[in-house]
Amino acid sequence: MKYSKNLMMVAAIIIVAFAGCDSSVMEHGNANLTLNLKPRVGGEALSTNPDSTYDVNGAKISFGSARMYISEITLINDENESITISNESLTVPAKNDSDENISHTIQDQVILVKHDEGINSYDAGSWPAGDYQEIRFKVGISGTTNRIDPSQVPAQHPLAKQADVNNHWNWNAGYLFLRMDGLVDTDDDAVPDEKWAIHLGTPRFLREVSLKHDFTLENEKPAMLDISVNYAEFLRNVDLKDPDERICHTMNNLPVATAVADQISSSYQIEDR
Amino acid sequence: MRLLVVKFICIALAISACTQPDSGSEEQLDLVVPGGFESVPIPSHNSLTKSKVLLGQQLFFDPILSVDSTVSCATCHIPHKFFSDGQVISQGIKGRSGTRNTPSLINIAYHKLFFWDGGSITLEHQIFGPLQNSTEMGIDLSSAIDRLESNETYRESFQDIFEEPPSLRGLTQSIAAYQRTLLSRGARYDSYRAGDKSALRPAERRGLSLFEGKAGCIHCHNGFLLTSLIFENNGLPISRGDSGRARVTGLREDYGKFKIPSLRNISETAPYMHDGRMVTLSEVIEHYNKGGNDVRGKSALIKPLYLNELERADLEAFLHSLTDSSIYAGLEVL
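So the protein sequences, as listed, match chains V and H.
Numbering-wise (our numbering), the first sequence opens with residue 1 and increments by one.
Numbering-wise (our numbering), the second sequence opens with residue 1001 and increments by one.
Next comes chain H alone, as it looks inside the complex:
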């Protein structure tokens, strides 16, 4: 696993050949993204440097940050599963289950709000959630810092990079920096968009037409990430008392809304929905084809699509073309 991750990071950094001077002594990484992608937003307070990314990577994979040292970020965000975990609901420390499906971290740098309900405002701030959640890593922050301080390697790394002992600021900045390097490197869909008409097979091309036309998926799954990143109620009955976005805003109109996920790599990140209730893409397509369920607050966009069997198959075929094959193949080789 460790080799695999190191390889992944090396690839990510290798494509970052372009560098620009930092305000400090170390060069800032300038991440290269596929054509059609926006440049990666890097906050001015957390410049992206190689040493910071490598520290973040080390922390991401280190169970030292869970209360019983059994769970790391990578326990639920597994590289070869596109940084999701394939579970309906992830298990944290002591086999405890949360309430939501683990989202993929690929392209997380582009997100504006974090968690399925957008309850966290920055990638740095988001890190406190799993760290402190009693069903995930369950550690109190002072213990986390104490552990890092008692580890010579971490102590030296923090001092070198942040010029201070291990701190919450350094911890969150480094892990967030690492996560910003987890980027797509393009799918066959992107090649097709770039003009290579042979990149999509006929069924996939028909699926794309449905995606953008009759099925109307593009209303929510648009832009280069194939998500508008807003919050919608897609017609799922509430489960586990999870009211979604309304938990954050307290607004009735946000009841049952969750962040629209990116469809990139969707065929590789089952199960689906915020609670992992759907195992296959065909189940997902069937849900939308019937217009979801008759639930409070359902989006007006969710209505019967009247797709026949062949159309549903074409749509599913298209979704498979969104897989970032270069990452997948690279990881599989390892």
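The shape of chain V in the complex, shown without the other chains:
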């Protein structure tokens, strides 16, 4: 009786151990995915060199900063299942919806895209090998993660308060989901000389991007998705020569914030390799 009891326990442990494994992982393993986010302004590559100017909606502009947050990456496999992955967890102080102090744990693979530093390739984590048909992600930070205290996030984490270029408002709880600014020519001398700035954030302007694309992740084989990010498309419905549209810190200029947010989904496109 004692022997059979032990045998049953061993069998149960083996069954539980196998049941705990994801079948796709068992069959296919994992692959590291890199997102190659190529910044464009229309048909041109984006540069934040002040001498690089672009014609956008009839305005000649240059770029100073060009940054964005990408989060909640989801892959849709060929069986139409949504696949997400968890990163190493980070617990930080935050506020809940009632403005009470809480500890919030983040496991999402958040990416801070720094196109103004010429960085285009970003680690999107390790994914189950397999066939996929779509990638989705949010441009911005959602929920309680957008109400954490960035001053208490370890410096190397993308959600940490950045010392060089503000990624989080000082006067509001929340990250700058999309930050682009620079100079615009307002006197038609072909020299951009007036500041323009569009800093988009707050939950109402969080947007999801969905890109259909058939691709395969092979076991232990690094993969890369090339995605173009068209800053001219973000600005399609903004007249930067107009002083009323030139500066948008979201809450001070909701019409411009809305105009930019509504162009987010069409500003990203898969590029075939």
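Bear in mind the hints are in silico, worked out from the structure with no lab data behind them.
Hints may contain errors.
[As the list claims (entries may be wrong)] DSS-like cross-link-like pairs, simulated, lysine-lysine; straight-line CA separation at most 30 Å:
no., chain 1, residue 1, chain 2, residue 2
1, H, K1298, V, K95
2, V, K38, V, K95
3, V, K95, H, K1112
4, V, K38, V, K212
5, H, K1094, V, K195
[Claimed, not checked] Coverage of chain V stretches by chain H, computed from C-beta distances (three or more under 8 Å per stretch; other residues unrestricted):
no., stretch
6, 41-50
7, 96-108
8, 171-181
[To be verified] Heads up, incomplete: computed chain V residues facing chain H, CB under 7 Å, no partners named:
no., residue
9, P93
10, D149
11, S151
12, M251
13, N253
We put the beta carbon where it would ideally sit given N, CA and C, even for glycine.
Assemble chain H onto chain V, guided by the hints.
For chain H alone, kept in the frame of chain V given last:
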């Protein structure tokens, strides 16, 4: 000024005789507060240690954190003015003016949201506001860290306390830790509440009755801080385009709302309102007595009070009893 501040901190730490073990090697301070006060909320990620508080104090008073090294936190938060500055609108670097009156930092540890509009969620996070604001200290964060790294004293202090070079985390934690020690030590009002009926003079007692009754001040100015810490539109016309809480939330119903201030030490922290537009307490009382102005979004609580002259005087007398005389006297002695 420096001696005065050191004395203030010594007092604050002296009343913190009770200690409890830290997870690290240093003892955590356990701040003692007057009867009727809640214990000071200390976030678990920023334990209160003596060395951290002293570093925060040093940073608070050091103009090294402004772009032209002329302005420190204490420029606008002056200890003998109860950590406000007596100005309508404070001036930052190069004489630049902001848009709001400097609030007192006494008892700031109890606040849940920071700035007049609650736009900052923690005391640590709040520090970025004045540091980076071009009308206050106007420094970019990388320059602030560079300066601290190039200062041997700071470099060693950060290493000792945070086991890392000067960082945004250490900078914000230490200044916030210091600010959490800026506490009330009681007013005559507290003595009266504790049972000493002689602590308030007759006019003040009548004022208290009005405060809690006919005038209805207590609807917003309640609890041990004499504020509910929520946001209300008290019937002031919008000035300088400042929409208050609506700037943060984007909600129409938050238009013209500002955080209800604590009335502790109110007689010592003129001028009043979020933009310092009222110079005297009698002006403030008159504003509420007439039911504020007819402005969009005014709180339903703001309506004519019909206080006569004597009642207004009694109410003002009561407000004077909220002064934290032990701090005031102590600072004045210096």
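*Does the nearest C-beta of chain H fall within a distance shorter than 7 Å of the C-beta of V/S151?*
holds, 4 Å
*Is the straight-line distance between the alpha-carbon of H/K1094 and that of V/K195 30 Å or less?*
Given pair H/K1094, V/K195 holds - Cα atoms ~22 Å apart, limit 30 Å.
_Under 7 Å is the threshold here; is the Cβ of V/M251 close enough to any Cβ of chain H for the hint to stand?_
holds, 5 Å
*Mind checking the alpha carbons of V/K95 and H/K1112 for me, to see if they're no more than 30 Å apart?*
Holds, at about 9 Å.
*Quick one: see if chain H covers the stretch 96-108 of chain V, three-plus residues with Cβ-Cβ under 8 Å.*
Result for this restraint: holds, n = 4.
*Is the straight-line distance between the alpha-carbon of V/K38 and that of V/K212 30 Å or less?*
holds, 17 Å
*asked:* Just to make sure I understand the rule, a stretch counts as covered if three or more of its residues have a C-beta closer than 8 Å to a C-beta of the chain. Does the stretch 171-181 of chain V meet that for chain H?
replied: Held - the stretch 171-181 of chain V has 3 residues with a Cβ nearer than 8 Å to chain H, which meets the minimum of three.
_30 Å limit on alpha-carbon distance, applied to hinted pair H/K1298 and V/K95_ = Distance ~27 Å between H/K1298 and V/K95 Cα, so the pair holds.
_Verify this for me: three or more residues of the stretch 41-50 of chain V with a beta carbon less than 8 Å from a beta carbon of chain H._
violated (count 0)
*Regarding the hint that V/D149 lies at the interface with chain H, is the smallest CB-CB distance below 7 Å?*
holds, 5 Å
*Given the proposed pairing of V/K38 with V/K95, does the C-alpha separation stay at or below 30 Å?*
The hint is violated at about 35 Å.
*Can V/N253 be said to touch chain H, with a Cβ gap under 7 Å?*
violated, 11 Å
Violated hints, listed in ascending order, are 2, 6 and 13; each of the other numbered hints is respected by the structure.
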